[in-house]
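J.: Residue strings, one per chain:
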Amino acid sequence: AQTVTQSQPEMSVQEAETVTLSCTYDTSENNYYLFWYKQPPSRQMILVIRQEAYKQQNATENRFSVNFQKAAKSFSLKISDSQLGDTAMYFCALGLTFGTGTRLTIIP
Amino acid sequence: KAGVTQTPRYLIKTRGQQVTLSCSPISGHRSVSWYQQTPGQGLQFLFEYFSETQRNKGNFPGRFSGRQFSNSRSEMNVSTLELGDSALYLCASSLGPIRSNSPLHFGNGTRLTVT
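The listed protein sequences correspond, in order, to chains A and B. Number 102 in this note's numbering belongs to position 102 of the first sequence; there are no gaps in the numbering. So the mapping is simple: this note's numbering equals the position in the second sequence, first residue as 1, plus 108.
Quick caveat, the hints were computed from the structure, so don't treat them as lab data. For glycine and all other residues, C-beta sits at the position ideal for the given N, C-alpha and C. Be aware that one or more of the hints could be misleading.
Now the in silico label distances, taken between C-beta atoms and shown as ranges [said to hold, decoys possible]:
#1 A:Phe64 to B:Arg175: 47 to 55 Å
#2 B:Gln126 to A:Glu10: 33 to 41 Å
#3 B:Phe177 to A:Arg43: 25 to 33 Å
Hey, can you work out the whole structure from these sequences and the hints?
T.: And the structure:
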């Protein structure tokens, strides 16, 4: 069975700061895909970034990047220069399985 | 392209009743999956349909069922509702099956309240 663990239920940072959300997972598969999704308050869940396990290079999408450590089964999300619009629930996902989410608040 | 459409947006039912939720995926997407979202529990996977076949099922009782039609639209049914079924039910579509690199595209969800 696959598991995804997000150990930070809530986080808050000042606008323009950098924040890292942690995610660990467990799977017996060799090739798999990891995703971070963002769910703004009362809005649709959208994809933030994805990582293919066989690619060693960490994925980057503008201000969002991941630190993928395959051996440690760790997949953290770094948000640089955080903006008020980044306030949302963030979910880490592996296949069918989602973590419990991290509620991130950006403070003006 | 139109996004994933879920209807209705809100539902209020009483215990013992049954409910049917609907999901229309993005045009061209053949995979539809359903999730139950509750505070503190995150997203719990219900089931996935791909080309009208159920490919995966989560750990939910048999009261939860679903189906997918030839146009990829999907319905989820919950019978004999319980108070604990109150949740936001999210539908997501993707080009390929969930275990591929195709990301999920989510609808706005149906908020079900059981009284």
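J.: Hints first: check each against the structure and report whether it holds.
T.: Here is what the structure says about each hint:
For the pair Phe64 of chain A and Arg175 of chain B, the supplied restraint of 47 to 55 Å is violated, since their beta-carbon distance comes to about 36 Å. One distance hint, 33 to 41 Å for the beta-carbon pair Gln126 of chain B and Glu10 of chain A, holds here, with the actual separation near 36 Å. The hinted window of 25 to 33 Å between Phe177 of chain B and Arg43 of chain A holds, with their beta carbons roughly 28 Å apart.
Taken one by one, the earlier hints fail for this structure only at number 1.
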